[in-house]
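Peer 1: Residue-level listing of the chains:
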Amino acid sequence: QQPVQSPQAVILREGEDAVINCSSSKALYSVHWYRQKHGEAPVFLMILLKGGEQKGHDKISASFNEKKQQSSLYLTASQLSYSGTYFCGTERVRSGNTPLVFGKGTRLSVIA
Amino acid sequence: NAGVTQTPKFQVLKTGQSMTLQCAQDMNHEYMSWYRQDPGMGLRLIHYSVGAGITDQGEVPNGYNVSRSTTEDFPLRLLSAAPSQTSVYFCASRSTGSEQYFGPGTRLTVT
Chain A
6 QQPVQSPQAV ILREGEDAVI NCSSSKALYS VHWYRQKHGE APVFLMILLK GGEQKGHDKI
66 SASFNEKKQQ SSLYLTASQL SYSGTYFCGT ERVRSGNTPL VFGKGTRLSV IA
Chain B
77 NAGVTQTPKF QVLKTGQSMT LQCAQDMNHE YMSWYRQDPG MGLRLIHYSV GAGITDQGEV
137 PNGYNVSRST TEDFPLRLLS AAPSQTSVYF CASRSTGSEQ YFGPGTRLTV T
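The listed protein sequences correspond, in order, to chains A and B.
According to the working numbering, the first sequence is numbered sequentially starting from 6.
According to the working numbering, the second sequence is numbered sequentially starting from 77.
No lab work stands behind these hints: they were computed from the structure.
A portion of the hints provided could be inaccurate.
Unchecked claim - List of simulated lysine to aspartate or glutamate pairs, EDC-like, C-alpha gap at most 16 Å:
{"hint": "1", "chain 1": "A", "residue 1": "Lys-109", "chain 2": "B", "residue 2": "Asp-149"}
{"hint": "2", "chain 1": "A", "residue 1": "Lys-42", "chain 2": "B", "residue 2": "Asp-114"}
{"hint": "3", "chain 1": "A", "residue 1": "Lys-55", "chain 2": "B", "residue 2": "Glu-175"}
{"hint": "4", "chain 1": "A", "residue 1": "Lys-64", "chain 2": "A", "residue 2": "Glu-19"}
{"hint": "5", "chain 1": "B", "residue 1": "Lys-85", "chain 2": "A", "residue 2": "Glu-45"}
{"hint": "6", "chain 1": "A", "residue 1": "Lys-64", "chain 2": "A", "residue 2": "Asp-22"}
{"hint": "7", "chain 1": "A", "residue 1": "Lys-109", "chain 2": "B", "residue 2": "Glu-148"}
{"hint": "8", "chain 1": "A", "residue 1": "Lys-64", "chain 2": "A", "residue 2": "Glu-21"}
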């Protein structure tokens, strides 16, 4: 069952901030975030494991609220290079081995 | 390490033809998965494997078969190609609790 991402698309000017949300109706073990540029494969950004942790990478950070089964990706002081489609992938709490299931993506465009 | 490799990069098939998309990884990952990507639909899971000899269906398995005889290889077979299977196919692998690595993708057109 695909997680739900919002918004579907967002346009930013350089230097502005954005938040992308990912939610699931199932109990999650982990949430992964990826960015994909046009014509390329998705590239890993970060993983958040069950436990409500928050991670950061340069000016991109994320949180995971396991009570709500929600994760948010925060992009601050956006740069042109941040443009692309962002996907969250979710792994359910294990009663066996579960694969990574992705949302439909959020298209982010950063303009000068 | 080569990471995750996929062949071919591009393929054109006629309706009814069969073919196999190849996928291999050299990171000793137990998980391997196949996804298809269509505009506006995100990455949809076709089949996945949690180890050699173990496979299971994803969200959109119809028309595809997989097998996993070794840890390294996870081929995807199209039994009888249909225009609805025109898509970009990604193979991916990972270990438990760690990042997933994607192959470069195969762009398939069925006419």
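Peer 1: With reference to the structure, classify each hint as holding or not holding.
Peer 2: Consistency of the hints with the structure:
no.	hint	verdict
1	A:Lys-109 to B:Asp-149	27 Å, violated
2	A:Lys-42 to B:Asp-114	15 Å, holds
3	A:Lys-55 to B:Glu-175	15 Å, holds
4	A:Lys-64 to A:Glu-19	13 Å, holds
5	B:Lys-85 to A:Glu-45	12 Å, holds
6	A:Lys-64 to A:Asp-22	10 Å, holds
7	A:Lys-109 to B:Glu-148	28 Å, violated
8	A:Lys-64 to A:Glu-21	12 Å, holds
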